[in-house]
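K.L.:
Sequence:
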Amino acid sequence: MQSLGSLQALAILMVVLGHYWEHDPVFMNSVGVSFCFVYSGYFTALRHEFGSGYGLRQHVAFLGKKLARLYPLHLLAIVLGIAGAFLSWGHGGVSPLAMLGHLTLTSSWIPDPSCYFGANPVAWFVCDLFFLQLVSPLVIRWLRQMRIGHQLILIALLLVLEFIAGYAPDIGTRSRIFGRYTHYVLYQFPPMRLLDFATGIVIYNASQSVRWTRFRQALTAHRSTLIEATAAALFVWLYWAGKWWLQPHCYRAFCTSAAAIIVLLCAFVLTCGKSGLLSRLLEVKPLVTLSTIGAEVYLLQFGIQYCMMPVYRHFNLEAFPIAYLAIRVSVLLAAAWLTHHYFTAPIYSRLMSSRLK
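The letter at position 79 of the sequence shown is residue 549 when you use my numbering, and the numbering goes up by one with no holes.
The set of hints was computed from the structure by calculation and includes no laboratory data.
Check each hint, because a few of them may be wrong.
As the list claims (entries may be wrong) - Taking lysine-lysine pairs in the DSS-like style, the calculated list, with each CA pair at most 30 Å apart, reads:
| no. | residue 1 | residue 2 |
| --- | --- | --- |
| 1 | K713 | K536 |
| 2 | K755 | K744 |
| 3 | K535 | K755 |
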């Protein structure tokens with residue numbers, strides 16, 4: 471299922487470009503983040519049954535494995551963020567509360583930008599993901615007790631409610647219901663991301679249905695290519711429609727881009743058994759490598775940027791926007807590759823081997 475991993479890698483790259491490229495500061499990274507949460511829900515349901523024999527001991531081991539992969543990288547990103555802030559602005563800019571929240575993976579529960587952004591502005595993603603993994607057995611078991619049709623209706627209703635909360639004039643973003651916490655409630659607040667995560671679980675559950683299986687068995691390479699191309703075209707169209715029509719209220723793009731994300735992911739899940747042309751293109755080596763270092767790219771994007779800022783300013787690269795963007799992304803990718811091979815992967819291997827012993 472390498473094509474799905476490559477899609478997530480491209481979503482992460484969207485997040486980076488959304489942060490680095492001032493012409494699209496909100497919508498691009500919002501769609502990319504939402505895709506990553508949906509993808510996480512799908513693969514959690516795919517890889518873990520959470521059956522009747524699954525108890526507290528198994529869940530502690532499950533969470534330990536997830537933390538062994540991300541937590542050391544999370545700490546490194548915090549250190550780089552603080553060091554880069556000192557190099558660029560002469561101060562770390564991290565409060566004790568923010569640091570405590572980052573270390574305990576609870577910063578995204580504090581409705582204060584200085585806490586959930588803190589030393590590493592994307593650290594809140596790890597905190598939210600930890601919460602989602604924590605409750606994943608309950609969510610997956612609960613959803614599997616419902617019929618597929620009822621699961622789809624539930625997700626649709628939640629999306630409608632989110633649209634009202636986030637976009638409807640005088641009800642959501644410009645009302646007194648959320649006030650100055652609107653962005654936090656709709657974007658960083660961990661329970662809100664259950665909608666994205668549960669959407670991925672529902673996609674997996676639907677892919678196990680009899681109808682889905684029959685349709686997949688009837689696929690040919692030609693039909694798979696047609697499905698993938700249609701899904702990609704719909705994703706692009708729905709993305710731009712949401713961006714241009716709803717950008718003024720874009721605190722959370724998922725309620726408008728959900729259809730685009732669901733269509734894209736469902737299409738490539740469907741064609742995994744019989745890959746189309748786009749799936750085969752997604753399996754080229756550069757995208758495989760990018761999917762391997764995706765976590766490093768995502769978590770290090772600000773730390774590397776802060777550390778390199780004095781160099782960029784010295785050469786006045788901001789005067790050349792396109793070259794500046796290309797250099798920053800290239801430096802980030804190189805740093806992520808080095809980090810994965812000489813930091814993340816060795817530490818993860820040692821932690822897993824010690825656990826087995």
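K.L.:
Holds or violated: K713 with K536, Cα cutoff 30 Å?
P.N.:
The given pair, whose Cα atoms are some 34 Å apart, is violated under the 30 Å limit.
K.L.:
Taking 30 Å as the top limit, are the C-alpha atoms of K535 and K755 close enough?
P.N.:
Roughly 27 Å between the alpha carbons, so the hint for K535 and K755 holds.
K.L.:
Is K755 within 30 Å of K744, Cα to Cα?
P.N.:
Given pair K755, K744 holds - Cα atoms ~20 Å apart, limit 30 Å.
Hint check: a violation occurs at hint 1 only; the rest are consistent with the structure.
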